[in-house]
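J.: So you can see what is in the structure, the chains are spelled out below.
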Amino acid sequence: MAENAKKPSEGLEPSEGLTPPERRTPLALRQSVEGAPGTLRLAETPFAGKFILRLDPARGGEAFREAAGLDLPAAPLMSVVNGERVVFWLGPDEFLLLVPEAEAAAFAEGVEKGLAGEHHQLVDVSDYYTAIEISGRKAREALMKLTTLDLHPRGFPVGCVAGSNFARAQGWLWLEHGEEETARFRLYVRWSMADYLWCVLADAGREWGVPEQIPAADETFLTESVHSKKA
Amino acid sequence: MFVISCPYCGARDQSEFSYGGEAHIARPEWREDMSDAEWADFVFMRSNPKGVLAERWVHSAGCRRFFNMLRNTATDEILAVYKIGETAPQVQAKLPATPCGEAPIGSGNDAVKVMQPGEAE
Amino acid sequence: MSKQPFRTPQGGLVQRSRTIRFTYDGISYHGHPGDTLASALIANGRHMVARSFKYHRPRGIYAAGSADPAGLVAIGVDAKRFDPNTRAAEQEIYDGLVASSQNCWPSLGTDIGGALDPFWRFMPAGFYYKTFKGPPGTWTALFEPLIRAFAGLGRAPDAGDPDRYETVNRHCDVVVVGAGPAGLMAALAAGRSGARVILVEETHRLGGSILSRDPEKLSLGGVQPAQWVADIQNELAALPEVTILTRTNAFGYYGNNFLGLWEKVSDHLPKEKRLGHLPRQRLWRVRAKEVVLATGALERPLVFHENDRPGIMLASAARTFLHRYGVLAGKRPVIFTNNDTGWVTAFDLAANGAEIAGIIDVRSDLSGEHMAEAARLGIPIHASSTVVGTSGRHRVSQVEVRPLHRDGSVGTSFSHIGCDLLAVAGGYAPNAALFSQSRGKLRYDPELAAFRPGRSWQKERSAGACNGTYALTDVLAEGARAGVEAAAQAGFDSGDVTVPDVDGVELGQGQLKVMPEMPSHLPPHRRRAWIDLQDDVTTKDLRLALQEGYQAVEHAKRYTTTGMGNDQGKIANLNAFAFIANERGEELPAVGTTTFRQPYKPVTFAAIAGQHVGPHFAPRRTTPMHGWHRRRDAVFEPVGDWLRPRAYPREGEDFFQAVQREARAARTDCGVLDASTLGKIDVKGPDAREFLNRVYTNSWSKLAPGRCRYGLMLGEDGMVADDGVTACIADDHFHMTTTTGGAASVLAKLEDYLQTEWPDLKVFLTSVTEQWAVASICGPKSPALIAELLDDFDADPERFKFMDWRDATMGGIPVRVFRISFTGETSYEINIPATYGRWMWRQIIEKGARHGITPYGTEAMHLLRAEKGFVIVGQDTDGTVTPGDLRMDWIVKKSGDFIGRRSLFRSDTARKDRRQLVGILTEDPDLVLEEGAHLIERRNEPEPPVPVLGHVTSSYYSPNIGRSIALALVSGGGGRIGDRIFATRGGEPTVPVRVTEIDFLDLKAKGALPQAVRREGGHG
Amino acid sequence: MQRYNVVRLIREGLSGHKGWQPAWRKAEPKPSYDAVIIGGGGHGLATAYYLAKLHGMTNIAVVEKGWIGGGNSGRNTTIIRSNYLYDASAALYNHALTLWKDLSRELNYNIMMSHRGVLNLAHDEGEARQLKRRVEANRLNGVQAEWLEAKEVKAFCPPISVAADARYPVIGATLQRDGGVNRHDAVVWGFARAASDMGVDIIEQCEVTGIDTDKGAVTGVRTTRGTIATEKVACVTAGHTSVIAGMLGLRLPIESHPLQALVSEPLKPVLPCVVMSNAVHVYMSQSSKGELVIGAGIDPYLSYTQRGSFDIIEHQMAALIELFPFVSRVRMMRQWGGIVDVCPDASPIISKTPVKGFYIDGGWGTGGWKATPGSGHALADLVANDEPNAIAAPFTLERFVTGNLVAEHGAAAVAH
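Protein chains in written order, with the UniProt record's numbering: chain A, 1 to 231; chain B, 1 to 121; chain C, 1 to 1020; chain D, 1 to 416.
The set of hints was computed from the structure by calculation and includes no laboratory data. Keep in mind that this is a model prediction, so the values were computed, not measured. In this text, a Cβ means the ideal position worked out from N, Cα and C, and glycines have one as well. There's no promise every hint is true.
What follows is a set of in silico ranges between Cβ atoms, one per label pair, in the way DEER data are often shown [claimed, not checked]:
(1) Gly38(A) - Ala787(C): 25 to 33 Å
(2) Ser107(C) - Arg8(D): 31 to 39 Å
(3) Pro989(C) - Glu152(D): 19 to 27 Å
(4) Glu937(C) - Ala97(B): 54 to 62 Å
(5) His733(C) - Pro46(A): 23 to 31 Å
Not close to chain A: a few residues of chain B, all C-beta gaps over 10 Å, as computed [said to hold, decoys possible]:
(6) Trp30
(7) Ala54
(8) Arg56
Use the sequences and the hints to build the structure in full.
T.: Have a look at this one:
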């Protein structure tokens, strides 16, 4: 382990002092990390309202637009942004909706109401997923160490969303902003995989000076079978 | 590793997909008089062709949709991709000259294929 | 530099201004930046670097690059960075490089293994198949250890590798493999079009074969070769979409134009200059729209008696050492050739100070121009002659030459020529390895006497020497054309690319005269003419293989092991095939070739694994409460990708004691389990009930909102696949749970049925597994704790009944509470959004303190459920167990189809004597059976095969029952309740046990536990 | 048969090895045979050998589309063991193991049968439970098996890592001491030589293109070298079993998948035994030549191309390095693929079929090599008597109809 390797130590944990009920995102103990200026930066984007919407857009798209104030993406792999509300295309009848947390409950209620007559499913996944923001001019190169997606600007323009494998974890990647120097991706991953991906992403950035990150879960196991033995 | 064209997401690496086995094997409706053999045919028996196979894949890391694909199992050439519920398109495939033989080119083989005198390039 | 006696005074592309010091076998040598270990050792006059595989014969450097068959050494940077079997001709030197010989003892010069060589007559191909047979076990005990000690080349590295590696994905329009003249032109043409291009070069410098040409005698577009290369390199480097990868080998050409490229990032750097932030090696996983192969040609060895000594090398290697490295491979060389290129080599060496001791050409019709030049230089010419033998112990010192007659025999007259180098020129063969890997079809070219690419299979084309095009002007034109075409196919227009004028000596082969084996005055069985230098395969071995019927090329290869060394026969194979064809009296195309397999050259395991090792090997999934478990020093267990606490031992407690304490507390006070890992699926739609009816064995038509139900899921084969509790949220909305391990596969299977079998059903499924953090609280004091935890909540089990669920809030946060149990105790499962999970857990622990809250792990959970007789799918089932086998017929509805139903009625699944789940109680209550113990009818085990009744699936010491308990699958078990049978114990005397019902809590409550029998006397 | 022994080797050595004869005759197809075996791999040749030796059927032919041993026989990693869970499998594989032990002498051909021991690793409690159950089942079936704790695993196989913080820690293993490896080509050639010597015709470069029947019974096979009349045909074609059966309109519970293997460069002895891990798909031994011989995971899709996916190899390597840190800097020298014929219950089919005189021996999946002599022995019995013997009886096609599977991979991961 390199000397500068960072692992979330217990000391970092703000043990008390927060007003209950206290919340904790999966990367709460990770400080954002950065390589040489402008190259690569990793940060968690915590706390957003996230919903999976299952709906046949041909039948319910219009109703959704009225209820949510934004369109469903017209084409696969695209996103629709309206202020702080965003819709990702995840599949032909599956979308991820992002809204500011404060609006989430009202938003969900509105969508439910608007789609009342239509076969649909709206599921709150705000806490299921978190987002890792990957920015800088080496963001594409770093991500290419993890995924087989073609992230070249010719193949992955701004606004593009794609589900794929990132190292050994599944996620959705969104190019939010900028093509080259200012590229900013967000990678939506599930809670339990976030720390793993964080560390693999940091590893990918080692060549530009991103400090090594060691996974939080490095437990040792019993290496003998003990369960039924009686002392 | 193949490049598979998901009918929804486009060309992606095979590692994003999961294999779903032979396509167009309809689950039989439950009947009291269905024989064990008829049922076993659905559960276990497969055509396993060396040649064109209609198979199911699911884009598990992407859009999670199942779809069908025609692939030449003698060469791994992907011949067509179509959605669930659609009928398989007609395709041309480079099939082995003999049942167990090798496809004319590009297949798995015991020794590297060497063209014989007079064979067209 | 007197320390490098074979370094030319000038020339070569090494950086002479700087000197590098390295050691080989403890001896210190000097070289220059740009040298390989091979060129530097030869500069120091050292040719012998290794021993061969079988006979331990001395081996030198034979080729100047990755095709070298036998010049393998070990490189040790430090104790942990040790690389056996490294090709000296590829290893760049650096300050402090430590190289050593291998496969020899006690030293390279005096190798005991070499004592085998005189007995070569008794060790022909496959001799081991004919001997070393003895009674069973002899091979294992006696012969194999002997052979294994001699076999193997390098020593394996000792242990962990401190270096980093990584894999990188790239998509590109055109990959150009090889940066020789054809590859450079192709890259330039494609690069100018704006296409994304990757140019791959194996060595550290672009230029390929033209760097092995005399720069004084060649110009391209009016400039010297090195300048021409530099100009192109500069232009390519300025193109934003072009990537140049040097020190990178395209080792594998796989399907759909997927190429594996292996880049050595820091193997050429001294240890202190290796940068920690850069990996040692990188593996590029490239998906190309189009591929241009420009991998050049490999020179063929000549096959003659005693052609294996150090100091014998390919003429092309001698030329490369001279022009690229400024090294004379010998001061008094003999050239042995069957084509014109050998002559050019002779003239180049002569021009740099070598005294050419002779040119031996098997041909009679020689080029007048070359003859005149040789005469001018005073080089003795032996036309229509062949080498018939050599001498020199550790380096060739003399060759024997005899005239060659028209009928293929040799004359009786002979001459001996003293020399320190024998350069052999056997003609060039296209390097079509990657083309073959791509599954293209080779074509035999009689003019080249070699195979060249025929019909392509993938989107690829070959250009230049690897395509059988040797004249430089043609090579450049073909490269440019290939680049233009590849770019065009990928959708880019290159415009016109000008091919430079070539001025200078063409390196043409002229008339090539290939002979599978040089004629000799010796009878065939006395000749030792090597085909494969590494594995010691001679023509005699191949002849024997054919004589014994191993005639297919693959049989001959496998029998003799030709081409099976770590060079995989790059330069040996064609000679082997030609020899086989000749012996069989057939044409080469009829004989064919063996398969060109990946990788082109050996690639480190680490590079293939990339960054996915050590901490990044596989994700460890953790729950929101994980930090708490860690601080409580939980013992963890991996469950699929998850880490779950197995138990929380306290100070002074061992694992067993901890589990007992936890399990007891869960029934006497209050226990809490982190159940967040259970799979959760939100099921919604008007047909949701119908869907559940089809996927579970029981009926869901009448489950009311606010209620939960347990369900079993089968495979179509009728076997139990998963289980879990599903709650009805609304009439068209359900919350399904699955096992932890089954979460992903159950969702995938349900989606499969929905999308492909029942597309008419209006149901949507979405995983919500990690949206919720889940705490399962059980025990008599749990109602009170729940009432305290939740806001305004009536937790009274009389009103909030078993299998009810409610929406509630906890500290104002909306939660779902389920009255479900996996322990048989009064239980509550709180689901809270995951970001609050840690907070919820702390609340439970803090507020639970006065209720005696005890966190328990999976081990106590397993024990608690066994006390109640609940099954664990995957532990008490193994994919061969039906609901009937679990004696859970009550959960199988009588009408209506469901997944797997029909299979339950097959003759075997309907059998009465199937193994069924029962309880097992040992007569000795303190004895805990091993899980996996078998059950038999009688006390004494008969001789194998022993008839078996069944086996124990779960077994524990239960603190709540006060004795050991076990579950088992027993043949016809349901009908055997009360029977006395016997459990095996790994060969120890069996123990008597009783078959019981599985709900031990119930048995205890009814007082129906069998009487304990303490250690009954005797072991009959 | 020209005997092979050391005396003869020395004598031939002195006289230039001119006296060695072809190991097997290059036979031309005759118009008819008593039985035709399709497939000249280990199983087919073993079948021919036992038919001739034990049943006196010498007027038989083995037809091979390429060169003998060119299919899975020449591509497998040669692991020999018999520690299967169920009685039926134990009987089959242990019978094979018994035959392996003295096969070098019986065939007068050194097959390099090395009983160096096979470790099957357990990485979690669920696996340990399954393996301990297997050890006990093995013992009761007379199969050598023992359970080793992690420390004992390390002692038996020092290069293995038993680090407690490994992602898949080694918590124990089963050891079958008389398991091991042998030399695949030698087995093929040895059986061919012995069978040929008894009169069996081994016909290479002869592909079957059709099977003739009359009234539901086999009457002959059509080949690329003419039609051969016969009333008994045994299909022993591994990955191509479905293709041959398809000639008779039979559908089988078999799918053919790619399976890859690879070897490292040769190294001095470093790995003393065979190590297998199901959880991380590692199968490794070291050949007599010094190469580490490694089997990879099976690709999920159906294919006859004898090539698999590169990511299978990548996962393989990562797992290997976890388990054997020393291999990190070792290099992969050669990789290849085979076609494995997989049955749903991971057990083979040795069976009659609805067509009289047509027998199938297939569905061996990744595990056929170890059964070679046992499979040949059982199939020879079936062909000669038209009834399966006790060992073959559980492996009929009917089991897929009745549901009486021999589920050797049944155990799933621990749930909850």
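J.: If a hint holds in the structure, say so; if it doesn't, say that too.
T.: Taking the hints in turn, this is what the structure says about them:
no. : hint                              : in the structure
1   : Gly38(A) - Ala787(C): 25 to 33 Å  : 56 Å, violated
2   : Ser107(C) - Arg8(D): 31 to 39 Å   : 36 Å, holds
3   : Pro989(C) - Glu152(D): 19 to 27 Å : 24 Å, holds
4   : Glu937(C) - Ala97(B): 54 to 62 Å  : 60 Å, holds
5   : His733(C) - Pro46(A): 23 to 31 Å  : 29 Å, holds
6   : Trp30                             : 26 Å, holds
7   : Ala54                             : 21 Å, holds
8   : Arg56                             : 16 Å, holds
Hint violations for this structure: number 1 only, all remaining hints satisfied.
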